[in-house]
Amino acid sequence: MARIVLTGDLARRFAGKDTEIKVAARNVRHLYQLLDELYPGMGEVFASRALAVAIDGDIVADAYLEPLEDDTEVAFLPAIRGG
Amino acid sequence: MRYEVADTVESAASLLAGEAGQSYVLAGGTDLLVQLRAGLVQPDLVVDVKRIDELRTISEADGGYTVGAAVAGAELGEHASIGNVWPGVVEGAELIGSTQVQGRASMGGNLCNASPAADSVPALIAAGATCTIVGPNGKREAAVADIPTGPGQNSLEKGEVLVSLHFPARPANSSDAYLRMIPRTEMDIAIVGAAVNLTLDDDGTCTAATVVLGAVAPTAIEVPEAGAALVGTKVDDAALEAVSAAASAAARPISDKRGTAEYRTKVVGVMAKRAAKIAYDRAANKGGK
Amino acid sequence: MTYEPKDLKVVGTRPVRPDGVDKVTGRANFGADHALPGQLVGKVLRSPYAHARIVSIDTSKAEALAGVKSIIVGEDMQDIAHELSQSGESAIDVHDLSLNVLARGKVLYDGHALAAVAATSAKIADDAIALIDVTYDVLPHVVDVDDAMKPDAPVLHDDMFTKGLEETPTTASNIASRMEMAMGDVEEGFKHADVIIERSYKTKAVHQGYIEPHAVVASFGEDGSAYVWCSSQGHFAVRDLSAKVLGMDSSSIRVIPAEIGGGFGGKTTVYLEPLAIALSKRAGRPVKMTMTRAEVFRATGPTPATSMDVKIGATKDGKIVAADCEFRFHAGAFAGSPVGAACMAGLTPYALENARVVGYDVVSNTCKSGAYRAPGAPNGAFSVESAMDELATELKMDPIELRHINAAEEGTKAIYGPTFKQIGCKDVLVATREHPHYKSNLGPNQGRGIASGFWFNVGGQSNAAINVHEDGTITVVEGSPDIGGTRAAMAMMAAEVLGIDYDRVQVVVADTASIGHTDGTGGSRVTFATGMAVTNAAEDVVTQLRTRAAATMGVDVDDVVWQDGAAIATKGDAGSLSLAEIAATAARTGGIIVGRSSINAKGAGPSFATHICDVEVDPETGYIEILRYTSIQDVGKAIHPSYVEGQMQGGAVQGIGWALNEEYFYNEDGILENPGFLDYRMPVASDLPKIDTVMVEVPNPSHPFGVRGVGEAPLVPPLAAVVNAIEDATGVRMTELPVTPVKMLAALDARKEAAE
Amino acid sequence: MSKIHVTTTVNGDPTEFLCEPQETLLDVLRDELQLTGSKEGCASGDCGACSIELDGRLVCSCLVLGAEADGREIETVESIADGEKLHPVQAQILEHGALQCGFCTPGIIVAAKALLDRNPDPTDTEIRYWLAGNLCRCTGYDKIINAVQDAAADLRGEAS
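Those protein sequences? They're chains A, B, C and D, same order as listed.
Residue numbering for the first sequence follows numbering that gives the first Met the number 0, starting at 0 and increasing by one per position.
Residue numbering for the second sequence follows numbering that gives the first Met the number 0, starting at 0 and increasing by one per position.
Residue numbering for the third sequence follows numbering that gives the first Met the number 0, starting at 0 and increasing by one per position.
Residue numbering for the fourth sequence follows numbering that gives the first Met the number 0, starting at 0 and increasing by one per position.
It should be emphasised that the hints constitute simulated quantities derived from the structure, not laboratory data.
Mixed in with the good hints there might be a few duds.
A few chain D positions that, by computed beta-carbon distances, are all more than 12 Å from chain C [what the hints assert, rightly or not]:
(1) ILE3
(2) HIS4
(3) THR6
(4) PHE16
(5) GLU19
(6) GLU39
(7) ASP69
(8) ASP120
(9) LEU154
Covered stretches of chain A, as calculated for chain C (at least 3 residues, CB under 8 Å) [stated by the list, open to error]:
(10) 44-54
(11) 68-81
Covered stretches of chain B, as calculated for chain C (at least 3 residues, CB under 8 Å) [stated by the list, open to error]:
(12) 180-189
(13) 218-224
(14) 274-282
From a predicted model like this one, the values you see are computed outputs, not experimental measurements.
Each residue gets a CB set at the ideal place from its N, CA and C atoms; glycine is no exception.
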């Protein structure tokens, strides 16, 4: 099960506080679906593409098919604009 | 806009005088072309004076110099001797813009453009330079100090052309210096500037001194009190502090994007005393004392 | 892809870049160098007011002018709903973008475009612009970020209700959003602090300052498609954003990238391109538009002005126990400052248990801010690294030691969520401490400062194809505009993988129809992500070469290895075939060999940098001279070290300019008073000493050659490094940038008066 | 207003063109003569990207009227290489990687060559002040200074 780290505004809005949960997701797309079931409305945030995802510390944009292994750490952060 | 090349001073004057609309002299062009491009001026006529020999030559006679009004800063800097006699005048002119701008910009243009912060003007005034002007009514002489009358305003009449600048022969043990404050090392307009021209006797005592400040009033201003503070001294620390105080006291600057009035008032004193020290050292070395 | 240490022949050397000769002879074609037969000249009418309602625009006189071929005003543009266009790494709201390209209803800043004209000459276009009659109803304006947040501030957008609050407010304000990031318990942490530093800081808007003004030529054809030649950091973004703004299909716009004369983040969006396409469509002729320098300053890209509060507490042995920051960034006239990145990056060089960062994205009547090299991070680092310096002083501790005690390392959890893999933060600090510069002596009125910085770096989408020619040379076709020597880096990586000489490789930056989508040249991503695509494409070529060689030699492909540019049979006496030999017969063994790669690269690997700056402050004038400067950075692996050093040096100098002189100077009417290089004072050659560089190479585990992005981190530390050096020289802590001589002297005199 | 007919010498070639009275030499070079190596960065003499030599004198071509070129000799960046052979300043800028985007590079090369024509052995400080009117936003100038020094050594016939 992947380790999902919810921090910042996403955590405050949906979980009330910083939260770490285990989710049995095959990949990022699957994770988005499962999280939306857990926290209704979160899927919309992901769909707006305002967030990037960090998988084991690596920041990836639009990583639907990125596989999630056991104990993979997944965190969400505001999409970064490079210069 | 019409562009005309004048071959003689007289033809330049008559072209300018004959234009009913706005007419401008094109010397180095480093201010005029910027203003033209930005739409700040809309000339009906531009008269290029760079092909008139009198405006393009430097001559020496009896220890004095005559410098054509359109002589470029780089040409002035390359001259064999004027920089030794009038180092402050030359360094003022050479501070106008970049190497590229130096290839074009002239003291005559800098003077007529009449920016309060013009780098060559304080040293010209401190030097007691005069100039020759030719217009529809003939030739006249004027003190350099009388040319700029306010920001962007000069005392030339319609049709008049500034032909040349004259520097008198100097007594022994004389020298000058110009210093300015800018936030970078190059390419800026002076926040303040100060020129000092002085003469020493054989003992190294200052017998005459002129201090002129830039960018602290609508035009460059001479500060007699600052000059007086040097006369009779060996330009020691006390004299320098007196120069600084007199310069700051005479300043009546504005605040703008380049600096505050408070800053200009303080720092023009610093520039004046440092310029005085440089001028003194130059004069003292010449005198062999 | 993962990093494997290997013997390298090409990577790490310093060859001449493939486009070099064109760039030193004047032959290279930049944005404004392109021309088409029959082209018109396009010009833009811009607002002379900071904030005004557009009552009417009358173009009839301009239209009547002979030589005027087309005019567009805001009403001609279609309305677009708010939507984030994820063109690459940059999220841009296309509704706001459309209004920024051409104002409707209101003008929101000095320089805001509100009409465009195409005519047969520049003179006629200028005259036509002057003939457009606009009636304005001038409104109160606000420039400063703190003023813009006040309840009684003039409101720019009546539909802006602050996002990110517990409850969305019912009255509109200039605060677009609030964000918060936190870890641990900050209040509890401060209880354990022996020393607490609490300060507020401000920075002014600064421009990227690229020397090439924006320029475009657009030609709209009868078939409804458009060709666009322009310089940008991402021609795919130009295509997609222009398509969105104009309601066109992406496939209908083909953007041909020109050489780009600098960008630094400022050329990652569109300004002129949709206007040029629209004008060309109406006129039926190509239209060329170039910005003047004043237009560049008034209407493109600055980085936001900011106002920041930082509170940091530590125990007496230097362990940080809590950090609390509030960052207020003005985004310009439309939402979208990089405050999020600032919140994430400011504290990230440190391993913290208790930390909180609150960010506000605020609009004001200034040019819409754009990305500028590590967007948001230099501002954030200025505040945090200034506070760290004060903390070190209070603790009587060496500033490097303080940073080293608290430095992030492998396993550190960053405030924005993820846990770091192998990073070079500590390595960089150690290299800084050991550098001779750090141990050298200083004279009177001189001081030394250091500061650290972090940047995420991004990966993203890149495409590459490699064509192997019959004579054994190759062409790499890729989609990243070359802003600083990346063609060389691509050629070097391809040559390395293929085992051929660098000069056998040519590199082409292809147009939007000729290679797959590639995200922009930004986020320090090209050498990393496009480099990864090129490496993959080269590996693809190698696979095909091995297969062809195996078939030719009559051995099993598994028994063929690729080594030194040749396929070598490992069994029997089949021998070997070089790339050139295989290429020569490719037509007869299955056709030309083309390698391909399309990736969304991950694992960019963050960069850490620490800079050392020495200054001398003239106590009588406040003039600050930079005496010596050293930039130390974890660069992963330097593919072409000269260009890595160049990034480090250039970033440091931009930071010096930001710290000392550069600023957007607005007058009381909200008009930009210094839209030119004379009074927007960027560093010139004589302002600077040698900029020394130390490349610390901690390979990025996620890249085949260990590459990390290097382009942005160099701009993160300098602001604080300079200010910390000034403090060391004078004892005066400057908290507002830029530290001009005017500000410096005022501070020195204020201290003198206070002491008297 | 009719155009002005100008007869001049550009890069050694006799050249004629027509220009508007207010048109700058930079505009003429780029738009009329298709010599686009000289760049417009500011049009106010502050960036040096349009540097040329006019009668052997380094100037910004944005601060010269096209009409002023009559009877003058103009040298642009396009004339600095001798056919395929790069001038040492060009070669050393490439060797040092002393360019990133390359936009300011033509102006820097024209200016640096003008310096070395006058001063074969400049100090770093002299180079920095000579080039103060050539803005470069990419490099931080360091590599440019080193490249000019090595070019000077090449021109003096020293191995660098």
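Far enough from chain C: is every CB of that chain over 12 Å from the CB of D:GLU39?
-> violated, 7 Å
Whether chain C covers the segment 218-224 of chain B (at least 3 residues having a Cβ closer than 8 Å to its Cβ atoms) | Violated: only 0 residues of the segment 218-224 of chain B have a Cβ under 8 Å from chain C.
Does the claim that D:PHE16 lies off the interface hold, with its Cβ farther than 12 Å from every Cβ of chain C?
-> Holds: least Cβ distance 16 Å, greater than 12 Å.
Hey, is D:LEU154 genuinely clear of chain C, shortest beta carbon separation above 12 Å?
-> Non-interface label on D:LEU154 holds, nearest chain C Cβ at 16 Å vs cutoff 12 Å.
12 Å cut-off, C-beta based - D:HIS4 kept clear of every residue in chain C = Correct as stated: the minimum Cβ-Cβ distance to chain C is 18 Å, above 12 Å.
Establish whether the coverage given for the segment 274-282 of chain B by chain C is satisfied; the threshold is a Cβ-Cβ distance below 8 Å, and no fewer than three residues must meet it.
-> Not satisfied, violated; 0 residues make the cut.
Against chain C, does D:ASP69 keep a CB gap of more than 12 Å to every residue?
-> The assertion about D:ASP69 holds, with a minimum of 21 Å to chain C.
Does the claim that D:ILE3 lies off the interface hold, with its Cβ farther than 12 Å from every Cβ of chain C?
-> D:ILE3 is indeed farther than 12 Å from all Cβ atoms of chain C, at 15 Å.
For D:THR6, is the shortest beta carbon distance to chain C beyond 12 Å?
-> holds, 23 Å
According to a criterion of three or more residues whose C-beta lies within less than 8 Å of a C-beta of chain C, is the segment 68-81 of chain A covered?
-> holds (count 9)
Non-interface claim for D:ASP120: all C-beta distances to chain C beyond 12 Å?
-> About 18 Å separates D:ASP120 from the closest Cβ of chain C, which puts it past 12 Å; holds.
Closest CB-CB distance from D:GLU19 to chain C, is it above 12 Å?
-> Violated: least Cβ distance 7 Å, not greater than 12 Å.
Hint check: violations occur at hints 5, 6, 13, 14; the rest are consistent with the structure.
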